[in-house]
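One line per chain: the protein sequences are A and B, in this order. Each residue of the first sequence is one higher than the one before, counting from 3 in the working numbering. Each residue of the second sequence is one higher than the one before, counting from 41 in the working numbering.
A couple of the hints might just be wrong.
Listed below are several chain B residues computed to face chain A (Cβ distance under 7 Å; list not exhaustive) [as the list claims (entries may be wrong)]:
(1) Leu61
(2) Val77
(3) Leu87
(4) Val135
Label pairs and their calculated CB-CB ranges [said to hold, decoys possible]:
(5) Arg142/B <-> Ala12/A: 47 to 53 Å
(6) Glu62/A <-> Leu76/B: 24 to 30 Å
(7) Arg145/B <-> Glu62/A: 24 to 30 Å
(8) Val210/B <-> Ile6/A: 20 to 26 Å
(9) Pro88/B <-> Thr94/A: 30 to 36 Å
These are calculated hints, taken from the structure and not from any lab test. Small disclaimer: the values here were computed from a predicted structure and weren't measured. From the three backbone atoms N, C-alpha and C, an ideal C-beta is built for every residue, glycine too.
Each chain, written out:
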Amino acid sequence: MSGILDVVSAVLLLAGATSCLLGALGLLRLPDLPARLQAGTKPQTLGVLLILLGTAVRLEFASASTLILVVLFQMLTSPVISQIIGRSAYSTGTLRRDELVVDELAERMREDGDESGPPAGPRPS
Amino acid sequence: MSTVWLRRVPQVLLLTVVWVLLWGTVSVKIVLGGLLVGAAVAFLFPLPVENPAMPIRPWRLLQLAGYLLADLVISGVQVSWETLRYGSRARAGIVAVPLLSRSGRVVTVVAGGVVLTPGSYVLQIDQRGGLAYVYNLGLRSAADAERARRQVLKLQLRVIAALGSADELVACQRALDRSGR
């Protein structure tokens, strides 16, 4: 029984580590801030999740229950942060708009007669 | 006054569960302590009380959670693939997606859920115009953009099925049919 658990745990830990490694690679290779943000949040969150799962398999419940909380907060906080950074990336111009395949936000801004940046908060009507 | 306090009960119970998980064991002392801490937090940092007319469907909510978890796994693999396959030549796009609900709770969950769907997050929400602008990594053509739009619409349908009102659910289904699945 413990042999099987060891294998499961090892597979999960290695898969998690690989995912984190790919996330780090994405930070280096992807072209601009929002794309790197994807690499920093998606494969990383998945990696952390797999590593914690792999650890939890080998622990008794009392210790593993705290790991559930770590997973939960990881999944709650990283999306919020990536959203805030991503939004400011668009307005400060670190997002390379000329390379976007479609940009319907820019189209909308042109219609509004505003070339400077995305609408910030409620607009006067 | 008393009804307002009654509506805070779920929040206090949820905080108690977190407290018990932090301790890792269940005992009378810990549960009582959790209730006390939960009540103190709810009292000191009061959240706006939710509109009680909003239904919560537990089974649909569980389905939504499972769907989001699967999405997270696909996301991780897809972004990794984009890194390995395209690297610095990776392309992205921003698409406008109509919001199918006016409720703050639904829109918040949708925005949170979009982050877990492969390669995307919400850049901007235009509440008055009912539009969300979603950034998408890995778009290459107009067909990809359409697929990304439909993916967010489907996510909205799932969120509304779990948390939205009945009319919203019908309106959402209609919008999805119109976009041609």
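Comparing the hints with the structure gives:
1. Leu61: With Cβ-Cβ at 5 Å, under 7 Å, it holds.
2. Val77: This interface hint is violated because 15 Å lies over the 7 Å limit.
3. Leu87: 15 Å, violated
4. Val135: With a closest approach of 6 Å, the valine 135/B hint holds.
5. Arg142/B <-> Ala12/A: 47 to 53 Å: Hint holds: Cβ distance 49 Å, inside 47 to 53 Å.
6. Glu62/A <-> Leu76/B: 24 to 30 Å: Check passed, 27 Å falls within 24 to 30 Å.
7. Arg145/B <-> Glu62/A: 24 to 30 Å: Hint violated: Cβ distance 37 Å, outside 24 to 30 Å.
8. Val210/B <-> Ile6/A: 20 to 26 Å: Cβ of valine 210/B to Cβ of isoleucine 6/A: about 48 Å, so the range 20 to 26 Å is violated.
9. Pro88/B <-> Thr94/A: 30 to 36 Å: 31 Å, holds
Against the hints set out earlier in the document, violations occur for numbers 2, 3, 7, 8.
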